[in-house]
Amino acid sequence: MLDVSGLSVRYDSVIAALEGIDFEVGEGRIVALLGPNGAGKSTLLKAIAGMLPFEQGEIASGKAVFDGVLLNGKHPAAITRSGIALVQDGRQCFRNLSVGENLKAASFRHSKGAEDRLQLVLTYFPILEEFYARPAGVLSGGQLQMLVIGMALMIQPRLLMLDEPSLGLSPVMVQSVFEIVERLHQDLGMTVVVAEQTVPRLMEIADDVYVLSRGHSVLHAPPDEIDEDRLQSLYLS
Amino acid sequence: MFVLQLAVAGIAIGSVYALIALGIVLIYKCSGVVNFAQGGYAMLGAFITYGLTSVGLPSVIALVLAIAVMGGLGALTQILVLRPMLKAPVVAVMMATLGILITFRAVCLLIWGPDQIGFPALFPIGAIELSGIFMTYNYIAAFLLSAILCAGFLAFYHYTPIGLMQRCTADNTRAALAVGIHVSNQVTIAWTASAMLAGLGGALLASLNGLSLGLSNIGLVAFPVIVLGGMTSLPGAVVAGLVLGILQAVTDGVLTPAIERFLREHTDIYSVGTLQQVIPYALLVLVLLVRPQGIFGTKESERV
Ligand SMILES: Nc1ncnc2c1ncn2[C@@H]1O[C@H](COP(=O)(O)OP(=O)(O)O)[C@@H](O)[C@H]1O
Ligand SMILES: [Mg+2]
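Residue numbers (the working numbering), protein chains in the order written: chain A, 1 to 237; chain B, 1001 to 1304.
Take the hints with a grain of salt, since some may be wrong.
As the list claims (entries may be wrong) - Cut-off 25 Å, straight-line C-alpha distance, at most; resulting in silico cross-link-like pairs (PhoX-like, lysine-lysine):
no.	chain 1	residue 1	chain 2	residue 2
1	A	K74	B	K1087
2	B	K1087	A	K63
3	A	K63	A	K74
4	A	K112	A	K74
No lab work stands behind these hints, which were simulated from the structure alone.
Owing to the predicted nature of the structure, the values given are computational and were not obtained by experimental measurement.
One chain only, chain A, in its complex shape:
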């Protein structure tokens, strides 16, 4: 479904953040993208989503192909329309707008069937219905994570990419975020990429694991071959 090959990314024309990354995501799979802070996980996801030009970044070589269509050079708006949603790190949403407006804004460019999707999102995340008219800024970290996943669903993605969704959340919240990911995968057949630093829980649901370190891909393996010790030694290598 998604096929990234030989991808190198630079920031400010000099800083090499990724070198020759191969990264493949099969339809209907959950793929874990692991790596320590600064490894290049966000950079890879932003490259796929077309966000690099807005952060002085660029694809220096290689390509990203989604369902046979080249993504290089496309505007993020076009990429979301082709069915890829990126939930960025830092729970990026519109904090001065109401929860309802956040969801509406997310579906604005994807209006077909938006009403039904809104109902779906509200059944997955009842908390969003409760806070529907409140500003998003009043939500807690876990609730914000629900909101940004809900916004991504409003785009009607076939590929959902989550960048460190568990960062800064309590263990209970982390648990429920991953339960949601699993349900989305089971109920809707959604293909999911999750970037994290270390999460044992993620290994239980992932079909496939990629490990990045300092901009290089250091391992591609099934999850049962990965444990915390191996991960630590890879991170240090």
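The hints should help you fit chain B with the ligands onto chain A, whose structure is shown.
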């Protein structure tokens, strides 16, 4: 009664300032750029209206046409000047807007010269008197038009899909991109709307006070007052415009004569010049000492 008369005139002019100020805040909200050229757009809108009437068009049609031209010019400025500067620091972009202001002044100077021009009447001539306060139709019409447009614009911003996308862009660029909003198109829309508001405002001001290059100073005079309004608040911009109008009317009508009388009695100084342009900056310094975030602004100011 004299003060009340001044206040009425001040509110009428201030409501026009509010229109112009809305544009500055609109652009600042979605791009973090302070558009110092806003006064230039106001001046140009007035000159184009004047130019179109001098080739024989009825004044109202000339005004509508001029506003449309200003919209196109706003969009063009954003596309030709601002977009190529996407990666430049915000300060450099603001310097570019100063350059635009200077260019507009030079163009108008070339075509229409430096002298004050009698602006064609946009509204019927006449006046009404209400319990001793005297109001010309001109002032009433400028006030009503500005008030309706300000309210209409705020409603547009809060209740339409384009307004929603504007607010998204203003709130968080990264999130806006991620949900598929073309952020740079939203900035173009902001420049278009802002230039149209300025063009109308400029023509209204010219119809009240006459037209000259001096009209372009309004952006610089309005700036401190908009900072007082909080810079990111549209209602704050409206209040800022009204405050500026009243401030200038009172400065002109009361403060300046009083100070000049005092100076003449005690010194050899006869005039304090255009004090009304200084007062807003003095007020700015005073208020910012107490409330650095402005009166309507929120504490954290986000720069993306
Ligand atoms: N906008 C940027 N400008 C310059 N360098 C950046 C930028 N974003 C990330 N980097 C650099 O690229 C490398 C990878 O960062 P990132 O993709 O954020 O890693 P991760 O998400 O795995 O923590 C880091 O060395 C980081 O400093
Ligand atoms: Mg990251």
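Evaluation of the provided hints:
In summary, the hint linking K74(A) to K1087(B) is supported, as the alpha carbons are separated by about 18 Å, within the 25 Å threshold. Of the pairs offered as hints, the one joining K1087(B) and K63(A) holds, with about 24 Å between alpha carbons and a cut-off of 25 Å not exceeded. Under the criterion of a C-alpha separation no larger than 25 Å, the hint pairing K63(A) with K74(A) is consistent with the structure, at around 12 Å. A threshold of 25 Å between alpha carbons decides the hint, and for K112(A) with K74(A) the separation of about 22 Å falls inside it, so the pair holds.
In summary, the structure agrees with every hint in the numbered list given earlier.
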